[in-house]
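Undergrad: If you want the building blocks of each chain, they are given just below.
Protein chains: 2
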Amino acid sequence: MAKNADAKRMKILEAAKRRFAHFGLAKTTMAEIAQDLSFSKALLYYYFPDKNRLYASVFEMAVDEIITETTAKIEDANGVCQAMDAFLSTRLQIIKDNYSIFEYAYSLRSELPPDVEEVLPKLFEKEIQQVSTILRKGIKHDGLVVDDVEVTAKILLISLLGMRLGILQEVKSLFLPPSKEEFDYILGLQQKLAKIFLNGLKS
Amino acid sequence: MAKNADAKRMKILEAAKRRFAHFGLAKTTMAEIAQDLSFSKALLYYYFPDKNRLYASVFEMAVDEIITETTAKIEDANGVCQAMDAFLSTRLQIIKDNYSIFEYAYSLRSELPPDVEEVLPKLFEKEIQQVSTILRKGIKHDGLVVDDVEVTAKILLISLLGMRLGILQEVKSLFLPPSKEEFDYILGLQQKLAKIFLNGLKS
Chain S
1 MAKNADAKRM
11 KILEAAKRRF
21 AHFGLAKTTM
31 AEIAQDLSFS
41 KALLYYYFPD
51 KNRLYASVFE
61 MAVDEIITET
71 TAKIEDANGV
81 CQAMDAFLST
91 RLQIIKDNYS
101 IFEYAYSLRS
111 ELPPDVEEVL
121 PKLFEKEIQQ
131 VSTILRKGIK
141 HDGLVVDDVE
151 VTAKILLISL
161 LGMRLGILQE
171 VKSLFLPPSK
181 EEFDYILGLQ
191 QKLAKIFLNG
201 LKS
Chain Y
1 MAKNADAKRM
11 KILEAAKRRF
21 AHFGLAKTTM
31 AEIAQDLSFS
41 KALLYYYFPD
51 KNRLYASVFE
61 MAVDEIITET
71 TAKIEDANGV
81 CQAMDAFLST
91 RLQIIKDNYS
101 IFEYAYSLRS
111 ELPPDVEEVL
121 PKLFEKEIQQ
131 VSTILRKGIK
141 HDGLVVDDVE
151 VTAKILLISL
161 LGMRLGILQE
171 VKSLFLPPSK
181 EEFDYILGLQ
191 QKLAKIFLNG
201 LKS
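Here the protein sequences line up with chains S and Y, keeping their order.
Note that UniProt numbering numbers the first sequence so that position 65 is 65, with each residue one more than the last.
Note that UniProt numbering numbers the second sequence so that position 158 is 158, with each residue one more than the last.
Extracted from the complex, chain S is given alone in its bound form (with noise of 0.2 Å):
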């Protein structure tokens, strides 16, 4: 009975992913994602009471992917500087292909759904354990020297999402999203600073 309830449950996420990542949060209604899946509303609404807490999970999972993904590919890499690259690409790579699902948590914008910004420090705190891993990668093959990693890490970590930051000072439009091109750019000034940075950590 759980078993069949969890199917149930990961085939609305399913449903709902594809329709967030097409048309958004805004343009998109509970009753159409039922329609998608011939399930009544009632019983969509009984997994997700309403489509703040629906677009929250589709949000997890995407970050989920980003967590999974991300991490694989830095327990694949042959030193610091390939980490690094891989960590920064794959991460950004994800976001562009779910654009529409990122996009909310991307823009600043102050009617960020409360369930959404819950996901987000989960997520902050995950990656500065990634670029911990990173950096202890480093200090073991590489010769970095580095006085505290987790403190390290996250001043590394606050710099790169910093960039987006310069995206939208350059754009003057604070509460836009990067456009999927821009993401590109951003992309660019990270693996800059990163390998500025990380040559830094080299006594």
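Errors might be hidden in some of the hints.
Some chain S residues flagged as far from chain Y (calculated, every beta-carbon gap over 12 Å) [as the list claims (entries may be wrong)]:
#1 K11
#2 L13
#3 E69
#4 R91
#5 Q190
#6 A194
Derived DSSO-like pairs (lysine-lysine); straight-line CA-CA distance at most 30 Å [said to hold, decoys possible]:
#7 Y:K126 to Y:K8
#8 S:K192 to Y:K122
#9 Y:K195 to S:K140
#10 S:K122 to S:K11
#11 Y:K202 to S:K195
#12 Y:K195 to S:K126
#13 Y:K202 to S:K140
#14 Y:K195 to Y:K140
#15 S:K192 to Y:K140
#16 S:K202 to Y:K202
#17 S:K192 to Y:K202
#18 Y:K96 to Y:K51
#19 S:K192 to Y:K73
#20 S:K192 to Y:K126
#21 Y:K192 to S:K73
#22 Y:K73 to Y:K180
Here are the simulated distance ranges between beta carbons [stated by the list, open to error]:
#23 S:L92 to Y:N78: 37 to 43 Å
#24 S:A31 to Y:P114: 35 to 41 Å
#25 Y:S89 to S:K41: 55 to 61 Å
#26 S:A7 to Y:E150: 54 to 60 Å
#27 Y:N52 to S:Q129: 40 to 46 Å
Since the hints were made in silico from the structure, they are not lab data.
Where a beta carbon is used, it is the ideal one built from N, C-alpha and C, also for glycine.
Go by the hints and put chain Y onto chain S.
TA: Below, chain Y alone, put in the same frame as chain S:
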């Protein structure tokens, strides 16, 4: 005659700055500023068509103060590290001293008055020039090797500004400005980042 007009305009700006610095934009009225100066409201509106325009002018004055003071400190500094420390601490001290004036710009809120928003790219452009000057100091005196000074300055500046994002991620309140205590924490992170980054530019 023009000189007299300039003097009046300056008096209004100074009175407005005191009001805004104490009470912020929302809790200050044009009537109060006029009263402080024993000016008529009509005279105030002759110089500044609305409160947002007046606020933007006060904001621009504070921005000019940042630029003037940091430029002097950068010129006086011996070496790239001292110049960078002076730039960061002076900048943040003026923002702290004029907390209620910068609050709006700092809080990423969507209701940023358009007149204020126009001042920000000007500050950003000027700050890129200042960080470029700091880097050139480092190239000349401290053995830094930099391919493209302006691009590198931009990446460093954006990273430093991004430290604010980090605070916001942690406190989970994307739309509140940092508290005065958090400014000191931001400065600490900025100084660590700048040190590693500048070290990374040594060949």
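Undergrad: Please go over all the hints and tell whether each is borne out by the structure.
TA: The hints, checked one at a time:
no., hint, verdict
1, K11, "32 Å, holds"
2, L13, "25 Å, holds"
3, E69, "22 Å, holds"
4, R91, "15 Å, holds"
5, Q190, "9 Å, violated"
6, A194, "10 Å, violated"
7, Y:K126 to Y:K8, "28 Å, holds"
8, S:K192 to Y:K122, "25 Å, holds"
9, Y:K195 to S:K140, "22 Å, holds"
10, S:K122 to S:K11, "24 Å, holds"
11, Y:K202 to S:K195, "12 Å, holds"
12, Y:K195 to S:K126, "25 Å, holds"
13, Y:K202 to S:K140, "22 Å, holds"
14, Y:K195 to Y:K140, "18 Å, holds"
15, S:K192 to Y:K140, "22 Å, holds"
16, S:K202 to Y:K202, "10 Å, holds"
17, S:K192 to Y:K202, "15 Å, holds"
18, Y:K96 to Y:K51, "23 Å, holds"
19, S:K192 to Y:K73, "28 Å, holds"
20, S:K192 to Y:K126, "22 Å, holds"
21, Y:K192 to S:K73, "28 Å, holds"
22, Y:K73 to Y:K180, "23 Å, holds"
23, S:L92 to Y:N78: 37 to 43 Å, "40 Å, holds"
24, S:A31 to Y:P114: 35 to 41 Å, "38 Å, holds"
25, Y:S89 to S:K41: 55 to 61 Å, "58 Å, holds"
26, S:A7 to Y:E150: 54 to 60 Å, "56 Å, holds"
27, Y:N52 to S:Q129: 40 to 46 Å, "44 Å, holds"
Checked against the numbered hints listed earlier, the structure breaks hints 5 and 6; every other hint is satisfied.
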